[in-house]
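Quick note, the sequences are listed as chains F and L, same order. Reading the first sequence from the start, the letters are residues 1 to 357 in the working numbering. Reading the second sequence from the start, the letters are residues 1 to 249 in the working numbering.
Hints may be right or wrong, so weigh each one.
In the SDA-like style, the derived pairs of lysine to any residue whose C-alpha atoms are separated by at most 20 Å in a straight line are [as the list claims (entries may be wrong)]: (1) L:Lys-103 <-> F:Glu-295; (2) F:Lys-324 <-> L:Pro-94; (3) L:Lys-111 <-> F:Arg-310; (4) L:Lys-72 <-> F:Ala-307; (5) L:Lys-103 <-> F:Ala-316; (6) L:Lys-113 <-> F:Ala-307; (7) F:Lys-324 <-> L:Gly-144; (8) L:Lys-103 <-> F:Arg-310; (9) L:Lys-103 <-> F:Ser-335; (10) F:Lys-209 <-> F:Ile-275; (11) L:Lys-154 <-> F:Glu-295; (12) L:Lys-103 <-> F:Arg-340; (13) L:Lys-103 <-> F:Glu-306; (14) L:Lys-72 <-> F:Glu-306; (15) L:Lys-113 <-> F:Glu-308; (16) L:Lys-103 <-> F:Arg-343; (17) L:Lys-103 <-> F:Ala-307; (18) L:Lys-103 <-> F:Glu-308; (19) L:Lys-113 <-> F:Ser-305; (20) L:Lys-111 <-> F:Glu-306; (21) L:Lys-103 <-> F:Arg-336; (22) L:Lys-103 <-> F:Ile-311; (23) L:Lys-113 <-> F:Glu-306; (24) L:Lys-111 <-> F:Ser-305; (25) F:Lys-324 <-> L:Arg-143; (26) L:Lys-224 <-> L:Gly-40; (27) L:Lys-154 <-> F:Glu-294; (28) L:Lys-72 <-> F:Met-296; (29) L:Lys-111 <-> F:Arg-343; (30) L:Lys-111 <-> F:Ala-307.
So the derived label-pair ranges between C-beta atoms look like this [unchecked claim]: (31) L:Ala-121 <-> F:Gly-117: 38 to 44 Å; (32) F:Arg-343 <-> L:Arg-209: 45 to 51 Å; (33) L:Leu-115 <-> F:Glu-332: 25 to 31 Å; (34) L:Gly-151 <-> F:Lys-246: 47 to 53 Å; (35) L:Ile-58 <-> F:Gly-344: 30 to 36 Å; (36) L:Glu-234 <-> F:Ser-283: 57 to 63 Å; (37) F:Arg-343 <-> L:Glu-16: 36 to 42 Å; (38) F:Ser-283 <-> L:Gly-151: 29 to 35 Å.
No wet-lab data here; the hints were simulated from the structure. All C-beta atoms in this analysis are idealised placements derived from N, C-alpha and C, irrespective of residue type, glycine included.
In case you want the letters, here they are:
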Amino acid sequence: MEGLKYIPDKKFECNVELTGAEKFYVWDGVSKELPCKETEALQCNVSFSVPTRMKELSYRADIAAAAQEAIVITPQTDRLTQIIFVRDTLSAVSSRVRINCRESGEYNIVLCYHTNGNHEYSTEEQMEIIVSGGAKLDLVIMQNEGALSNHNTDFKIRVEKDSHLSMNLITLHAGKVSNKIHTLLSESGGQCNLNGLYLADGKQVIDTKITLLHDAPECASAQMFKGILSGEAKSKFEGTIVVTPKGQKTEAYQANNNLLTSESARASSDPRLVIYADDVKCSHGSTCGSVGDEEMFYMRSRGISEAEARILQQQAFAGAVLDKVSTPELRERISRLVERRLRGEDIVCAGCGKRCC
Amino acid sequence: MSTLLEINNLHAGIGEKEILKGLNLVIRKGEVHAIMGRNGSGKSTLSAIIAGNPNYTITEGSITFMGQDLLKMSPEERSWAGIFLGFQYPVEIPGVTNVNFMKTAVNEHRKQKGLPPLTAAEYLKMMREKMAFVEMDPSFSSRGVNVGFSGGEKKRNEVFQMAMLSPMLAILDETDSGLDVDALRIVANGVNRLKTKDNAFVVITHYQRLLDYIVPDIVHVLYKGRIVKTAGKELAAEVEKHGYEEFEK
Ligand SMILES: Nc1ncnc2c1ncn2[C@@H]1O[C@H](COP(=O)(O)OP(=O)(O)O)[C@@H](O)[C@H]1O
Ligand SMILES: [Mg+2]
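Bound-form chain L, shown alone (with noise of 0.2 Å):
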């Protein structure tokens, strides 16, 4: 299988702080990897800099993404090669409507590659297909960009915009914390039927619950800036189980 993303020796942090201490990862085409690990060791601000958000430091290492070096690529041109990040914390952006937000993604995606932008109705029978795939109600377009949703929204939201853009390497940050078991479902089966053997997905998670939906390949567990196990899927119920304490020593 060929390797999409591989990441060496990864050291990072913000301003002073080092947070990433020399990680190590490879992704593949058709995988779906699952990072776990306590609060503040490091799966967001992996999911930040893999992204590109320019808080980060980068002092060691390196990220190539389908043979080109990422960590030279700026946000958008990383969302242009096939890069998603369904944000932990979406951000509200009052004033720019969901609708007006998307529809820009969508055409300097297409821009991007040569295409002319979509009119007007082909977005909308688009945006309807992808809204009806993650149960998201048409009224949503016409409001803020998440503002005003509530926790499950704002994440079925994200699955609504990566559905839109279709990478080829989403990571979701935690898509399934606050989510009932209904919301879980449903981001896992918008999960479930983006997967194809060419794109891949990392799942950052605390549960074994969302893992139950959408099932990984490859489970790695991230302690204080590093991977310091990765297993089969087994791995998940082994943490659920028993905690993070025996990958810490």
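The following block holds chain F by itself, in its conformation from the complex (with noise of 0.2 Å):
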């Protein structure tokens, strides 16, 4: 039997495919702001007061996850869609997100995924993204999962002629995370922007992989990955850019800088570069470091207490990456919950349990 579908009248231009998720709501055709406030929420969530055909997307959504079968949801341009998996009440799942963009035009999606409670979820995940014929795609993850879940998931991305991807990876909260993130920049004129931003403290890990192949001319690629470590928390960065003969006039750049606000947290970084073509413009580099002394003093001589000095630090060391989320609402709900995760406050988002940004 073929997966349930919802297809719109248009042909596809761009669409995500869900399979093996256990539970997940979407927000599409709504308008490029986000479709709701904070305080209303819950209320869209569960009540589907937005367009009927959401809450009939969404009711098929839970049926078809749970029935193992693929859907298909179409996001269009100017309009941010927001597909949110929750974990609830299976132990392991292995589920398939496949993003496909096939003609110019610009996408705004984001995945959000939580875990309800604090069992040891655990979740393998295939990630497929690619970019073609022009389209730019502005994809934003968040990861914001209960300590004791385990989320591998194995990117595979494809940016093809003249096409964009900016992705934002958010790793908010998780227990051990590994992102595996293999892309190809296969022909001319392609961009991809990988960001991530990753918060761990306690006995979180957060292991993050890379190999980002330019195998065509005039592609260009900027990697930014931080990470804000505390308690005893670990996290592994490997990023390899590969520029084959193909490469030329290539422009690659990678950074992975740490903050490490305890004794015990631990980064390793490990960026690295291969290039075998010859007219190419590319940079890599890491920095681990704690908060800086007159930085410090200057703030606390303004009456700013030292726990609130460490939090405007770290929230200026986080802002680099969040400035790349290009849509303002977004934008903003991320840098308050990352604010929140800062200070140690719950991060789900007032009034509802399953949608964090």
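Dock chain one against chain two, each of which comes alone in its own frame, and use the hints as you go.
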């Protein structure tokens, strides 16, 4: 039997195909602004008070997901499509997400990952992203799960001719996360920005492994990954940029910066460049540091307490990644969540058990 | 007049190096003091120690501020108590906007006084007013603290911050260096307008020209970590004319 499909009148320009999620909710076809205010979130999600087709889609999505059938969503240009994955009762899930943007136009998609309760959820996820035909995809991924979750995602990304991908991967909270990101720039004029922010404390572990392949001329890529680690948290970043002989006039940048706020937090960073073309501009680097003393004293001398000064500095550190989120409303929400996280406050949106941004 | 700050036989330094070697100073409400002295005489060290910079170690002596043992207080507690230091080299804080920085500072001060935080609108109004006070363009508020500011702009930002916090005792460490005549006038006006009979200022400078605008009641010459001469405002003119040599015997 063919999977349940939501098919609009127009032919697909971009679609997201989901398989195997335990439960998810979709916001689609609303304005570029976020569908509802924080306080209305719960109501929107549960009663589906906005467009009726949303209600149907979400309802069927539940059934489809449980049945392991694929469901297809078509984001529209100039709109923000938010897909919220919720882990609830199943302890282990293998899921697949395919995002396929094929025609020119700007697409904004947010994927949120949430757990209800504090079970040992494990998630094995395949994420396939293809951007082609001059499309521009702005993708935000919010990982906000319980402290015992174990989430492994394998990204396979391909950016084709004159197409752009900007991906912001925010790991706000989780037990153990591994993001393996394999990216191919396969045709000329492609652009790929991968940004990431990971926040970890306690015994949380965040692994990021990126291979980015420039296999065509005149492509640009930029990676900025930043981590703030406290407690006994650990992060590992391995990033390799490969420029093949076909990759003339490549521009590729990569940075991984970690801020350690405790003695026992650990960050390891291994950025690598492998270049087989001669006309390229590439750079990479990593830093690992703690908070600057001079800045600290300056802030305290203005009456900003030490704790507050640390939060300001951490927000500033994270801000460089958050600035890359292009939808202002979304950027603001995520910034607020990051601040709450840094303050050790509850990081589920007010009035909502499922949506976090 | 009542005493604000009293420093007795202060010995202090960095690591093994002693920089202040038995310094005494009394500042009362309503006074403006000027401290002059060659580079390296210890002026910034004295300011940093009053503001509570943890890099310095105090080996002997005491500092009391409004009857409290200042040396027992953290930098933020000193700020809440009314001490302000205008830095000789203001620090750049990339990523923290001026507006966020000062709003946090003002609200921390309010919290200490048991007042609720200012609303965004209240804060903006206050900020605009004080920025106008030092003729600072409001666009500076959205920029990172001191990031990409010229030397003069940084110093104006210090005076703006002082105006926002209305301290009891403000120490301005070479706020005039690197300023053109216009900026100098703006800074001096800022100080003169904030001056009341209840607060006090310490102006650290090499030049008479700032003291033409901010007229000091008392002038000190600092030499090798000690105050070697204290007199009225005429001392500044004397230093300007003859240099420091005659005080260094
Ligand atoms: N961080 C430091 N480490 C070692 N010596 C220092 C440090 N800061 C200042 N000093 C020394 O302390 C003395 C006083 O410096 P400072 O207080 O900056 O003088 P002033 O402000 O009067 O020019 C100088 O000899 C200077 O070299
Ligand atoms: Mg100095």
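*Check each numbered hint from earlier against the structure, then list the numbers of those it violates in ascending order.*
none
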